Structures are given as C-alpha cells and as structure tokens.
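Assemble the whole structure, with the sequences as input and the hints as a guide.
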Amino acid sequence: MKTINVVAAIIIKDNKIFATQRGYGEFKDGWEFPGGKVEQGEAPENAIVREIKEELDTVIEVIEYFDTVEYDYPNFHLSMKCYICTVVSGKLELLEHEAAKWLDKYSLDSVAWLPADLGLVDKLKDYLSKNRS
Numbered sequence: 001m002k003t004i005n006v007v008a009a010i011i012i013k014d015n016k017i018f019a020t021q022r023g024y025g026e027f028k029d030g031w032e033f034p035g036g037k038v039e040q041g042e043a044p045e046n047a048i049v050r051e052i053k054e055e056l057d058t059v060i061e062v063i064e065y066f067d068t069v070e071y072d073y074p075n076f077h078l079s080m081k082c083y084i085c086t087v088v089s090g091k092l093e094l095l096e097h098e099a100a101k102w103l104d105k106y107s108l109d110s111v112a113w114l115p116a117d118l119g120l121v122d123k124l125k126d127y128l129s130k131n132r133s
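According to the numbering used here, the residues represented by the sequence shown are 1 to 133, in order.
Quick caveat, the hints were computed from the structure, so don't treat them as lab data.
Given the structure is predicted, the values throughout are model-derived calculations rather than measurements.
Incorrect hints may have been included.
[Claimed, not checked] Here are the simulated DSS-like cross-link-like pairs (lysine-lysine), alpha carbons at most 27 Å apart as the crow flies:
{"#": "1", "residue 1": "K101", "residue 2": "K37"}
{"#": "2", "residue 1": "K28", "residue 2": "K13"}
{"#": "3", "residue 1": "K53", "residue 2": "K105"}
Pasting the structure below:
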C-alpha cells in the first residue's frame, strides 16, 4: 500500500484550534487540520510552514511537535506529523478550503472530522485543558 507523508498544523490562538473544511477531492466537506504533503528532501517543520503559506496565505511558527497519526485509508496509508503552531502574520485566508472554524475543547466534537484527524481530538482536548495558548 502506498504511503503518503503529510504534515498538519494545529494552529492555536486564545486556547482555540483552527479547523478547516476540505473544498475539493475525495474527502470534500470533511474537517481537518490544515497542511499538506511533504516534498522529497523537505523537513516536516519547513513543509508545514510552506503549506500554510500556500493554502491560507499566513505565516506560522512551529511551537512543538504534537503527534504522528498513522491511518490506513482504503487506497493508501497516511502518515501525518502534527505540530502545534501559532500565527506570526496573515489572516488565515481560505484559498483552498470551503470553511473554517475556531474550536475550543468543548466544540472540537462539533464538526465531521476526517478519519485520520479524528484520532487527535481527544488528545487535543487534554492539551487545551493543560495549556493556555
């Protein structure tokens, strides 16, 4: 099975997490943490900064590594490295996504997460309970 290596930004502001709704492809309308594919030879931390600039016209700072999700979709295996990030500049403009929301620990369950992203929700609730970003 083909493995796709991606990165995801868990962008936090005022103890809320930025979630985006896919506007294209097989998983259109599913909610996810924004990010994208890691290019060959690219460090994951650089990939996430590049992807957020491309998709949301925003510069972010990677604060810390959070988790890696390994998930088997029907046609491929997804390996997703996730990083806690903050906005440095920009307004998180939706260039590729359909919608976006800021979610606190109580509203993280209010959207239909894509299967790979869903596995992070409980860990993020704990993170938000312990941290005040």
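Task: Violations among the numbered hints - done: Per hint list: zero violations.
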